[in-house]
Amino acid sequence: MSHLTEEQFEAILQGETPVPEHLEACPQCQALLAEKRALAERLRQTFTSIRAGSDLADRIRANLSAASANTGKTKSRPRTLVLAAHRRLWSGLAAAAAIWAIAIPVSLYLNTSSQARAAQTELVEIHKQNVASLGELFLHEDPNELASYLESKTGHTPTMLCPKSGLTMCGCSTRQFRGRTVGSYVVEGSDGPISVVVIPDAPKSLGMRRERGGQLVEQPVWRSHCGGCNVASVRIGDRCYYAVGQVAQERLDGVLTDLLTACQCCSK
Amino acid sequence: MTDGTDTHLGKAARFEQIALPHLDDVYRAAVALCGRSNEAEDLTQTTFVRALERFDTFQIGTNCKAWLFQILRNLWIDQLRHKKVAGSAVPLDETLVAQEAGAEETVWSDADDLLQNFSDDQIIAALRQLPDDQRLTLFLVDVEQLSQQEVAEITAVAVGTVKSRTSRARRELKNRLLPYAKEMRLKGYQP
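Residue numbers (the numbering used here), protein chains in the order written: chain A, 1197 to 1464; chain B, 5 to 195.
Misleading hints may appear alongside valid ones.
Claimed, not checked - What follows is a set of in silico ranges between Cβ atoms, one per label pair, in the way DEER data are often shown:
(1) B/R40 x A/E1337: 40 to 48 Å
(2) A/S1329 x B/S41: 35 to 43 Å
(3) A/R1405 x B/K87: 35 to 43 Å
(4) A/T1244 x B/N42: 17 to 25 Å
(5) B/T61 x A/R1240: 27 to 35 Å
(6) B/G65 x A/G1424: 45 to 53 Å
(7) B/R189 x A/T1364: 27 to 35 Å
(8) A/G1331 x B/G65: 50 to 58 Å
(9) A/Q1325 x B/V161: 45 to 53 Å
These aren't lab readings, by the way, just hints derived from the structure by calculation.
Everything numeric in this text was worked out from a predicted model, so none of it was measured.
Each residue gets a CB set at the ideal place from its N, CA and C atoms; glycine is no exception.
Next up, chain B with everything else stripped away, as it sits in the complex:
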């Protein structure tokens, strides 16, 4: 018979074995949300502590990474709400920026080559200007390459919403890169 401590030590060991290998993935998602900052590290740390608390609810054999992303997203939303209450201007509604991006779209020529001119920091900075759910969705679809169904479960929306959100996010990311392209006088970003 094991006492409570042994049970918890076993739980912690299982958690470390199953969840901790996804540390880099969770940290990347945190960077997508917070940028490269101490805030991203804190969010990652809090996610793992919260995940351990709730490890009993995790079904072994299911997608642990997706489960961790879900926890991270919920914690992030909690933080945003807290900041909003505290008076910080944090965009929670994706429609705010989607409406702004209504200008007629031009297609970049040689997009592959053109995009190589942007630094990683510029890409992350542009991504951070997207509404929160858009940038997490785009990160999960494009970087983590999760299925739309998985992303829908993580972000608690319908698959159709994931599709439209991804599409809007992609367009918006491009718009947010335009000032950098202009600044660097890149050719090919406009006809």
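For reference, chain A alone in the conformation it holds in the complex:
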């Protein structure tokens, strides 16, 4: 049985040809096609959120205005403008450098700030979705089963809260964060539900502020407040754990402490 050629795969991905009969009978080609589709989709997803900053748009408009005004006077001016842009970029003229020194950090700050706020909002949305669907979460009395469930969905085995923590496990779920599938679970404390969201993204990239953990958490904790919820985060291994809830920061600290303790137990 001869498998599909690369050209046939590309044709199918482009939607150009009817699907060959071979594909229906061949699991290997089906898997390869699924992989190619997944790669294309992930690539598309990556670039969807990329936008030109307002600073860049302003610079281009200014360049275009200058170029068009000068072009009306002499035909060689637009070329001169491009060269001027290069000179500004590479020769480090003092005035231009001063503008860049101010404009780029400001632009980066604004972009980071808006992206960070959006990411925090996504975290809070995950918590709200969890709370709204408490009865539909995947629940098992064995934390290892919950961890296995999340691993099967996200490829990562999260640290779970120790059953002795005194918090009631409400279940776990997978949600979308920055276009990716991430794992989360909900625990019920005395003040209300708290979601724990496990993602690789560092709290700094979410615009959270770093604070000392205080009495409860020994390592630095990152905190923020967004959408009526408090958010706190610590890093465990290669993932960051975000506790989110409409509860006091101290309650979130308690959850993070339990997580860190559970982590130490696991490593023994």
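Fit chain B to the given chain A structure using the hints.
Using the frame of chain A, we list chain B on its own:
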């Protein structure tokens, strides 16, 4: 009767109306080529300035985005040549990496889920390791979802070359993601 300045102001206004809405698309293509960097912003900026210079050659009603991509690609190649002359090691020949990727291929299980573990920056970093024309081709086909004919016109090659280049680029992108998968100890990237 309008004088030259009025004509040029009209041209600039038309250009802004027709070309500038594609700013995000051009910037994304620049990021695909240069990564998230000032270089990507500079390339975007230069593309629009060059496009305005050549706006007289653009046929209203044709695909402006494809036209801008073509300008961006040509500017990028100019820059690469310049860097090469200056002694920088920039891969211009796609065969360099295509030959390297000759190892037997394994299919990822649950590729959808597996790929969600990579960060956007890892995806972009892996893409940037592809040869220049491969990564632009893959970007235009997969992200911009242009037809192979359009991509062939932008990259100045035959449609058959676009097909083979896309296929190689996809395989190569997967190879370039493997170190990250290993680093994160992801399951499913190997049998």
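Exercise for the section: Taking the numbered hints from earlier one at a time, note which ones the structure violates and give those numbers from smallest to largest. Expected result: none
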